[in-house]
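Following the hints, put chain B in place on chain A, whose structure we already have.
These are the residues of each chain, in order.
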Amino acid sequence: MSTPLERYQKLGLTDSLPRIYQYPFVCKELSFILRGAYNKLPKNLQSLVFQDALAVFRLLPQMQTQSAVSAANLLLQSAEAVLPKQKRTQAVTEFKHAKVACKRRSKARQEEEGLAHLPQDVLVHIFSFLDMQSLLSVGLVCWSWNSAASDNCLWQLQYAICFGNSEDISKMKERRDGELVEDKEETNLKEDIATRTSIDWRDAFKRKYIGKRAKRFTSNRGYCGVCHTIVWLNNMKCPKRHPGVKSENQQIKPVSPQQIVEYILGDSLSMTSSSDSDSDSEGGLLSKLWTYPRYTGID
Amino acid sequence: MAFTKKVTLKSSDGELFIIDRAVALQSRTIQYVLEDTNPVDAIIPVPAVDARTLSKVLEYCKKHLIDLNTDFEDYSKWDKDFVDAEVWMLYDLIMAADYLHIPPLIDLICDKIASMFKGQTPDKIREIFNIDNDFSKEEEEDFKKKSGWAFK
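Protein chains in written order, with full-length UniProt numbering: chain A, 1 to 299; chain B, 1 to 152.
Since the hints were made in silico from the structure, they are not lab data. Built from N, CA and C at the ideal position, the CB exists for glycine as well. Errors might be hidden in some of the hints.
As the list claims (entries may be wrong) - Quick list of the computed label-pair ranges, beta carbon to beta carbon:
no.: 1; chain 1: B; residue 1: D134; chain 2: A; residue 2: P4; range: 49 to 59 Å
no.: 2; chain 1: B; residue 1: D134; chain 2: A; residue 2: N44; range: 49 to 59 Å
no.: 3; chain 1: B; residue 1: K124; chain 2: A; residue 2: C227; range: 54 to 64 Å
no.: 4; chain 1: B; residue 1: D132; chain 2: A; residue 2: N73; range: 21 to 31 Å
no.: 5; chain 1: A; residue 1: R58; chain 2: B; residue 2: R52; range: 37 to 47 Å
no.: 6; chain 1: A; residue 1: R58; chain 2: B; residue 2: G14; range: 44 to 54 Å
no.: 7; chain 1: A; residue 1: N44; chain 2: B; residue 2: D132; range: 25 to 35 Å
Unchecked claim - 30 Å max Cα-Cα, derived DSS-like pairs, lysine-lysine:
no.: 8; chain 1: B; residue 1: K56; chain 2: B; residue 2: K112
no.: 9; chain 1: B; residue 1: K56; chain 2: B; residue 2: K77
no.: 10; chain 1: A; residue 1: K40; chain 2: A; residue 2: K28
no.: 11; chain 1: A; residue 1: K206; chain 2: B; residue 2: K145
no.: 12; chain 1: B; residue 1: K77; chain 2: A; residue 2: K208
no.: 13; chain 1: B; residue 1: K77; chain 2: A; residue 2: K103
no.: 14; chain 1: A; residue 1: K208; chain 2: B; residue 2: K144
no.: 15; chain 1: A; residue 1: K103; chain 2: B; residue 2: K112
no.: 16; chain 1: B; residue 1: K146; chain 2: B; residue 2: K118
no.: 17; chain 1: B; residue 1: K112; chain 2: A; residue 2: K206
no.: 18; chain 1: A; residue 1: K208; chain 2: B; residue 2: K118
no.: 19; chain 1: A; residue 1: K206; chain 2: B; residue 2: K146
no.: 20; chain 1: B; residue 1: K124; chain 2: A; residue 2: K206
no.: 21; chain 1: B; residue 1: K10; chain 2: A; residue 2: K206
no.: 22; chain 1: A; residue 1: K103; chain 2: B; residue 2: K62
no.: 23; chain 1: A; residue 1: K87; chain 2: A; residue 2: K103
no.: 24; chain 1: B; residue 1: K62; chain 2: A; residue 2: K206
no.: 25; chain 1: B; residue 1: K112; chain 2: B; residue 2: K10
no.: 26; chain 1: B; residue 1: K62; chain 2: B; residue 2: K10
no.: 27; chain 1: B; residue 1: K56; chain 2: B; residue 2: K118
no.: 28; chain 1: B; residue 1: K56; chain 2: A; residue 2: K99
no.: 29; chain 1: A; residue 1: K28; chain 2: A; residue 2: K96
no.: 30; chain 1: B; residue 1: K118; chain 2: A; residue 2: K103
no.: 31; chain 1: B; residue 1: K145; chain 2: A; residue 2: K208
no.: 32; chain 1: A; residue 1: K85; chain 2: A; residue 2: K103
Looking at chain A on its own, in the form it has when it is part of the complex (with noise of 0.2 Å):
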């Protein structure tokens, strides 16, 4: 005839609990033994018992299932009536900690996951700071910011930091009257600009970028208008975020590495004359930056 203490421990609970989907019987169990026999078991057994209870309440912050919290829930309960004073105590201080760090991790969960579920718009601006290689990255993370990074804005963002402002080709055009454009990618987007037709910008960049990959202009930085400096090409916006100029006005232009070496050198007088708000002086200074990369490229 074996004793309490062996059938106690051939239960196998000990070895049950750390098991998620086991946990909630565990604690079931041990609840009715408390109420239905623990007042009857022999003294070595109850320290066992008390002890496993301890256990279940240690372990119940790795468990994230609701029906673990309430099966420990049902196990205190069944604890604070059968356990002797000091055990109860010890019992239900146990309890309250797992309960604090259960709410912490749970917390702690939610904050991880927080970038994940951003809403779409929020994510679209975020990715508006992206360059171009970042921003296909992002793309490949998830589906919800891989449908964010496909937005057509940020793709016409990236045409017009890598190419020259989009909206201006056509204008552009009309200037250069007499040059040979040999740029087929461009007649075409300056006609789907012309008959308005949507234009999907992802395409578009890609295709003008495979083509011109030779000629690539790649300094990735613009000049600020504003504050007469060499910036990084973040959203088209000046990362010194000048305050009181409207939006419109501090947009950033695209500069070729060679419009560099002329800023160092103190030779571009003409650049810093564009933030003068005449127009035509503008107008003519927007269209050497455009064409630059285009010179650079035939040499």
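Using the frame of chain A, we list chain B on its own:
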């Protein structure tokens, strides 16, 4: 006068913030509330933002109100320190700035978060921000193939 100099904001967890009207006006959301209802000494609830985040947002608003004339360098250094926070704080801040509609603050935080993505592989970004990959193997391969042109 119908205009009050002070405005009281109430965070989602019930804390009250009494601030200058001019500070509050940097939030377009609050600006609309003030213009529409013109509450005198009334409490404006900000149900989407908790006290911890709201106090940080207001810190930004105060700084940017006082220091309109500070030179750019000092300005950008303060901003840089301001967003030097943990990811979850940035998340709370961007949601608050979005709700309160404070465009320069939105730009500042978005720029910061974007800078954490720059030059990282998708795997690395998932690791940093603890995001589950919910693409199937085939979908992921397909997308990778489609964006291969940029990395050649």
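The hints, checked one at a time:
1. D134(B) <-> P4(A): 49 to 59 Å: 51 Å, holds
2. D134(B) <-> N44(A): 49 to 59 Å: Given range 49 to 59 Å: holds, Cβ gap about 52 Å.
3. K124(B) <-> C227(A): 54 to 64 Å: 34 Å, violated
4. D132(B) <-> N73(A): 21 to 31 Å: Holds, at about 30 Å.
5. R58(A) <-> R52(B): 37 to 47 Å: Cβ of R58(A) to Cβ of R52(B): about 30 Å, so the range 37 to 47 Å is violated.
6. R58(A) <-> G14(B): 44 to 54 Å: Given a distance of about 34 Å, which is not inside 44 to 54 Å, the answer is violated.
7. N44(A) <-> D132(B): 25 to 35 Å: 47 Å, violated
8. K56(B) <-> K112(B): Roughly 16 Å between the alpha carbons, so the hint for K56(B) and K112(B) holds.
9. K56(B) <-> K77(B): 17 Å, holds
10. K40(A) <-> K28(A): Holds - the C-alpha atoms of K28(A) and K40(A) are around 19 Å apart, at most 30 Å.
11. K206(A) <-> K145(B): Within the cut-off at roughly 13 Å; holds.
12. K77(B) <-> K208(A): Outside the cut-off at roughly 38 Å; violated.
13. K77(B) <-> K103(A): 36 Å, violated
14. K208(A) <-> K144(B): Answer holds: K208(A) to K144(B) is near 20 Å, not above 30 Å.
15. K103(A) <-> K112(B): 29 Å, holds
16. K146(B) <-> K118(B): Given that 30 Å is the threshold and the Cα spacing comes to 20 Å, the pair holds.
17. K112(B) <-> K206(A): Within the cut-off at roughly 27 Å; holds.
18. K208(A) <-> K118(B): 23 Å, holds
19. K206(A) <-> K146(B): 10 Å, holds
20. K124(B) <-> K206(A): 25 Å, holds
21. K10(B) <-> K206(A): Distance ~49 Å between K10(B) and K206(A) Cα, so the pair is violated.
22. K103(A) <-> K62(B): 33 Å, violated
23. K87(A) <-> K103(A): 25 Å, holds
24. K62(B) <-> K206(A): 44 Å, violated
25. K112(B) <-> K10(B): Holds. K112(B) to K10(B) sits at ~28 Å (cutoff 30 Å).
26. K62(B) <-> K10(B): At roughly 17 Å apart (the allowed maximum being 30 Å), K10(B) and K62(B) satisfy the hint.
27. K56(B) <-> K118(B): 26 Å, holds
28. K56(B) <-> K99(A): 29 Å, holds
29. K28(A) <-> K96(A): 19 Å, holds
30. K118(B) <-> K103(A): 33 Å, violated
31. K145(B) <-> K208(A): Between K145(B) and K208(A) the Cα gap is close to 18 Å, so the pair holds against 30 Å.
32. K85(A) <-> K103(A): 27 Å, holds
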